[in-house]
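Student: Protein chains in written order, with my numbering: chain A, 41 to 289; chain B, 8 to 316.
Worth double-checking, as some hints may not be accurate.
Okay, the calculated beta carbon distance ranges per label pair [to be verified]:
no. : chain 1 : residue 1 : chain 2 : residue 2 : range
1   : B       : K315      : A       : N231      : 52 to 58 Å
2   : A       : A69       : B       : F306      : 44 to 50 Å
3   : B       : F306      : A       : K60       : 43 to 49 Å
4   : A       : D52       : B       : Q143      : 27 to 33 Å
5   : A       : A265      : B       : K315      : 29 to 35 Å
Derived DSS-like pairs: lysine-lysine, alpha-carbon spacing no greater than 27 Å straight-line [unchecked claim]:
no. : chain 1 : residue 1 : chain 2 : residue 2
6   : B       : K287      : A       : K284
7   : B       : K179      : A       : K144
8   : B       : K201      : B       : K34
9   : A       : K56       : B       : K280
10  : B       : K179      : A       : K210
To give an idea of the interface, some chain B residues facing chain A are shown, with a C-beta separation under 10 Å as derived from the structure [as the list claims (entries may be wrong)]:
no. : residue
11  : T100
12  : A109
13  : M115
14  : S145
15  : D239
16  : M259
None of these hints come from the bench; they were simulated from the model. We treat Cβ as the ideally placed atom computed from N, Cα and C, and that holds for glycine.
Single-letter residue listing:
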Amino acid sequence: MKVLVPVKRVLDYNVKPRVKADGTGVDLANVKMSMNPFDEIAIEEAVRLKEKGAATEIVVVTIGVAKAETDVLLTARAMGADRGILIQTDDEIEPLAVAKLLAKVAEEEQPGLIILGKQAIDDDSNQTGQMLAALLGWAQGTFASKVEIAGDRVHVTREIDGGLETVDLKLPAIVTTDLRLNEPRYATLPNIMKAKTKPVAKKTVADYGVDVTPRLKTLKVVEPAKRQAGIKVGSVDELVEKLKGMGVA
Amino acid sequence: MKTLVWVEHDNQSVKDATLSTVTAAAKLGEVHLLVAGKGVSAVAEAAAQIAGVGKVHVADDAAYEHFLAENVAPLVVQLMDSHDAVLFPATTTGKNVAPRVAAALDVMQLSDILSVEGPDTFTRPIYAGNAIATVQTSDKKLVITVRGTAFDKAAATGGSGTVEAVAAAGDKGLSAFVGAEIAASERPELTSAKVIVSGGRALGSQEQFHALIDPLADKLGAAVGASRAAVDAGYAPNDYQVGQTGKIVAPMVYVAVGISGAIQHLAGMKDSKTIVAINKDEDAPIFQVADIGLVGDLFTLVPELTEKL
Numbered sequence: 041m042k043v044l045v046p047v048k049r050v051l052d053y054n055v056k057p058r059v060k061a062d063g064t065g066v067d068l069a070n071v072k073m074s075m076n077p078f079d080e081i082a083i084e085e086a087v088r089l090k091e092k093g094a095a096t097e098i099v100v101v102t103i104g105v106a107k108a109e110t111d112v113l114l115t116a117r118a119m120g121a122d123r124g125i126l127i128q129t130d131d132e133i134e135p136l137a138v139a140k141l142l143a144k145v146a147e148e149e150q151p152g153l154i155i156l157g158k159q160a161i162d163d164d165s166n167q168t169g170q171m172l173a174a175l176l177g178w179a180q181g182t183f184a185s186k187v188e189i190a191g192d193r194v195h196v197t198r199e200i201d202g203g204l205e206t207v208d209l210k211l212p213a214i215v216t217t218d219l220r221l222n223e224p225r226y227a228t229l230p231n232i233m234k235a236k237t238k239p240v241a242k243k244t245v246a247d248y249g250v251d252v253t254p255r256l257k258t259l260k261v262v263e264p265a266k267r268q269a270g271i272k273v274g275s276v277d278e279l280v281e282k283l284k285g286m287g288v289a
Numbered sequence: 008m009k010t011l012v013w014v015e016h017d018n019q020s021v022k023d024a025t026l027s028t029v030t031a032a033a034k035l036g037e038v039h040l041l042v043a044g045k046g047v048s049a050v051a052e053a054a055a056q057i058a059g060v061g062k063v064h065v066a067d068d069a070a071y072e073h074f075l076a077e078n079v080a081p082l083v084v085q086l087m088d089s090h091d092a093v094l095f096p097a098t099t100t101g102k103n104v105a106p107r108v109a110a111a112l113d114v115m116q117l118s119d120i121l122s123v124e125g126p127d128t129f130t131r132p133i134y135a136g137n138a139i140a141t142v143q144t145s146d147k148k149l150v151i152t153v154r155g156t157a158f159d160k161a162a163a164t165g166g167s168g169t170v171e172a173v174a175a176a177g178d179k180g181l182s183a184f185v186g187a188e189i190a191a192s193e194r195p196e197l198t199s200a201k202v203i204v205s206g207g208r209a210l211g212s213q214e215q216f217h218a219l220i221d222p223l224a225d226k227l228g229a230a231v232g233a234s235r236a237a238v239d240a241g242y243a244p245n246d247y248q249v250g251q252t253g254k255i256v257a258p259m260v261y262v263a264v265g266i267s268g269a270i271q272h273l274a275g276m277k278d279s280k281t282i283v284a285i286n287k288d289e290d291a292p293i294f295q296v297a298d299i300g301l302v303g304d305l306f307t308l309v310p311e312l313t314e315k316l
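Could you build all of it, start to finish, from the sequences and the hints given here?
Tutor: See below:
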């Protein structure tokens with residue numbers, strides 16, 4: 041079974057986002073960009089399925105600027121993906137259009153399973169996997185903390201409000217990853233060197249004949265209202281008094 | 008505008024997340040509800056009591072019992088013939104189903120809205136709440152998920168909606184429910200609790216987490232939360248997690264015990280009315296957002312606090 045893993049290049053999760061003074065967005069000039077952390081978990085899960093013999097080939101795809109090739113596709117191949125597809129564009133592509141492009145890739149590649157991160161840590165949309173499932177007419181196992189292939193079905197344990205839920209899905213299917221699914225391995229330097237020989241197909245958005253015109257217009261981006269630091273109390277007794285004053289004790 | 012609100016429920020009662028979603032929908036226009044589930048007549052009756060609602064569409068079928076997206080999304084899509092917008096609470100059910108509806112309608116979803124600025128304009132958090140974007144949509148139909156803590160709850164009673172049955176769209180045969188492990192708890196639910204006591208990595212172990220946090224929460228009638236660090240370390244289950252990747256909460260009082268205050272945790276609780284922090288490091292970032300701080304060793308302070316309350 042072939043596994044397709046779409047990944048996104050985002051502001052590195054260790055970098056504090058800074059809102060641009062003109063209110064047009066978050067400043068991404070000269071800051072470290074990396075693979076979305078949930079997508080690393082997706083790659084790791086695909087690699088583990090291959091190590092267990094449940095997957096035969098891992099194809100990683102990204103939609104973005106030329107630098108996405110070195111920033112994320114190389115990392116993904118160093119972690120264990122077999123080949124990459126870069127759909128190059130300098131435009132910001134919304135989740136709906138991303139899902140449409142990925143549906144085209146899925147038609148070409150015919151994967152048995154597509155694993156995606158549950159959300160990207162830049163726009164926090166949490167949409168692409170579910171949208172892709174809708175467009176393909178496939179089952180979806182979102183927010184996965186456990187994935188088990190059983191013949192032509194996949195069992196997905198999902199993180200839901202209040203606990204866990206397990207669903208049994210018909211393959212091909214979509215899985216989106218939650219944090220506890222696995223702990224991604226590091227892309228080691230020797231593996232990064234080796235990964236450079238694994239192929240990457242370069243495409244453009246136009247190759248897929250998908251209308252990617254944005255539906256949303258960002259009017260402005262601002263920093264959230266800041267909380268002011270309050271007071272420090274010197275003892276538990278003072279804290280108890282404050283809590284009583286608020287009517288909670 | 009005619010809006011449809013997804014009623015969050017467990018086939019027995021209406022969940023509070025529904026009420027804040029109704030408030031958001033009312034800012035757009037007429038509010039109708041959808042109750043999809045199995046054996047949900049009591050839920051539908053209760054939903055009809057929510058202040059300001061019109062029709063309550065009820066789809067009662069075994070295919071909807073577990074809210075499988077493959078089955079419920081086509082039902083919502085069908086109802087969108089006669090509605091202009093659909094709003095889901097940003098719960099795990101809402102987040103699972105809404106994008107499947109949006110893609111089927113060829114609509115770009117607006118996730119996790121914080122406010123309604125106009126019929127096509129909304130604010131929403133990006134970058135873990137480190138920035139707030141105002142976005143305007145050009146889509147004819149709207150698909151929205153609503154951040155519960157950003158809207159007041161509509162009154163659960165006083166309304167007089169009319170219940171109307173909807174023909175079920177059936178089981179699509181793509182997915183089946185196997186089982187669930189829902190943590191049974193006497194305590195209030197995290198997202199609707201008035202008081203929350205949360206523990207961090209400084210608790211040191213699962214045993215100490217429960218030995219210190221649980222009695223304090225019991226004294227305060229509080230829900231129990233945890234930082235991602237505490238969850239990652241195995242001190243608390245994942246459904247306790249408060250933060251960007253966990254639950255977003257805004258209680259009256261949030262007590263952070265042994266939590267340093269990482270950005271991703273603050274993203275989940277900084278809208279709490281009052282934040283109380285107990286931490287031994289007086290430079291911990293949590294004190295920059297806390298209204299009341301207490302510096303010291305939590306292993307002596309927390310039992311003392313529990314005892315004196």
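Student: Against each hint, give a clear statement of whether it holds in the structure.
Tutor: Evaluated hints:
no.: 1; hint: K315/B - N231/A: 52 to 58 Å; in the structure: holds, 56 Å
no.: 2; hint: A69/A - F306/B: 44 to 50 Å; in the structure: holds, 46 Å
no.: 3; hint: F306/B - K60/A: 43 to 49 Å; in the structure: holds, 45 Å
no.: 4; hint: D52/A - Q143/B: 27 to 33 Å; in the structure: holds, 29 Å
no.: 5; hint: A265/A - K315/B: 29 to 35 Å; in the structure: holds, 34 Å
no.: 6; hint: K287/B - K284/A; in the structure: holds, 23 Å
no.: 7; hint: K179/B - K144/A; in the structure: holds, 23 Å
no.: 8; hint: K201/B - K34/B; in the structure: holds, 25 Å
no.: 9; hint: K56/A - K280/B; in the structure: holds, 25 Å
no.: 10; hint: K179/B - K210/A; in the structure: holds, 11 Å
no.: 11; hint: T100; in the structure: holds, 7 Å
no.: 12; hint: A109; in the structure: holds, 6 Å
no.: 13; hint: M115; in the structure: holds, 4 Å
no.: 14; hint: S145; in the structure: holds, 5 Å
no.: 15; hint: D239; in the structure: holds, 8 Å
no.: 16; hint: M259; in the structure: holds, 7 Å
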